[in-house]
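Here the protein sequences line up with chains A and B, keeping their order. 1 is the number of the first residue of the first sequence in my numbering; add one for each residue after it. 1 is the number of the first residue of the second sequence in my numbering; add one for each residue after it.
Just so you know, the hints here were simulated from the structure itself, not pulled from any lab data. Here the structure is a predicted model, which is why all the values come from computation and not from measurement. We put the CB at the ideal spot given by N, CA and C, even for glycine. Be aware that a few hints might be false.
Stated by the list, open to error - In silico negatives: residues of chain A with every beta carbon more than 12 Å from chain B:
hint: 1; residue: V9
hint: 2; residue: H39
hint: 3; residue: A73
What the hints assert, rightly or not - Derived DEER-like restraints, expressed as beta-carbon distance ranges:
hint: 4; chain 1: A; residue 1: P105; chain 2: B; residue 2: M96; range: 27 to 37 Å
hint: 5; chain 1: A; residue 1: K85; chain 2: B; residue 2: G111; range: 30 to 40 Å
hint: 6; chain 1: B; residue 1: A131; chain 2: A; residue 2: S51; range: 50 to 60 Å
hint: 7; chain 1: B; residue 1: T155; chain 2: A; residue 2: S18; range: 49 to 59 Å
hint: 8; chain 1: B; residue 1: G111; chain 2: A; residue 2: R35; range: 22 to 32 Å
hint: 9; chain 1: B; residue 1: I63; chain 2: A; residue 2: S18; range: 26 to 36 Å
hint: 10; chain 1: A; residue 1: E110; chain 2: B; residue 2: D60; range: 41 to 51 Å
Stated by the list, open to error - Here are some chain B residues pointing at chain A (derived, C-beta under 7 Å):
hint: 11; residue: H107
hint: 12; residue: Y108
hint: 13; residue: G112
hint: 14; residue: K115
hint: 15; residue: P146
hint: 16; residue: G147
hint: 17; residue: D170
hint: 18; residue: N171
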Amino acid sequence: MDGQDVRAVHAAAQKLVSRARKGEGPSLLLCNTYRYTGHHVGDINREYYRSKQEEQEWKTKRDPIKNMGEWLAGQKLADASALQKIENEAREEMKAAVEFAIAAPYPGVEEVDQDVYA
Amino acid sequence: MPETAIRELTFAQAVREALAEEMRRDPRVCIFGEDVAEAGTPFKVLSGLVEEFGSERVLDTPISEAGFTGMGVGAAMTGLRPVVDIMFGDFLTLTMDQLVNQAAKVHYMSGGTWKVPMVLRTTLGATRRSAAQHSQSLHAWLCHVPGLKVAMPSTPYDAKGLLKTAIRDDNPVIFLKTR
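Please take these sequences and the hints and turn them into a complete structure.
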């Protein structure tokens, strides 16, 4: 299914989760999605396997967060300032997490075998 | 003076007794593998277990070592204590991702949250002249994987005790028997 469609994924997942909880077994939900950046930090020039135009289209026309926001605004369930606030909070949280990780000390040698065995 | 009853057991009898006693003690203990149920393995080590414990706890699997070893890892992570039976240790090559990348690492990678109390029971070693793909001595490979424990008893007495200890251990344990 279209993995960029938040509402469709949610509806399908709910159905399958409830099926699993009833003991009717596992399901496989195939969600087609897109990786905006490279496979790794050095994968910068990706034009040998996909065009910049294709990437742009996924980011501008098929972004799940953007599309969900537009749907919420269209249904008058959230206004632009509420959506902006959510985005700002998420960005702040990620920024703080990165800063925390960069500032954290390297683990001590005594941690080398921590949690290797139960 | 009470006489101490001395029993003489083969390796196979010791292994079967250890499994049967652990399965009676703990309903979470189960066995997966190729020809483990009615056949009792080609070596008859598990004869009688499916009759006592049923085919839900002594489960014949399709011929896919990677598949049923992965099933064992998942079952161990979610509450069972499986003993995965690999008929010939040479087929450990097929299970290496499940053993090395999954079972051995998930405790570490989850910060000690997940445990894999699984035993993988197999036979290894040359000398039976079972041709090139059934005669290897790969023991050292396993000893190089942090997160796995390796047990290799040299007597039936040790085999019974070590297998019971392995089943009760919260880590993935490879239990090797010489062919």
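Unsatisfied constraints (hint numbers, rising):
none
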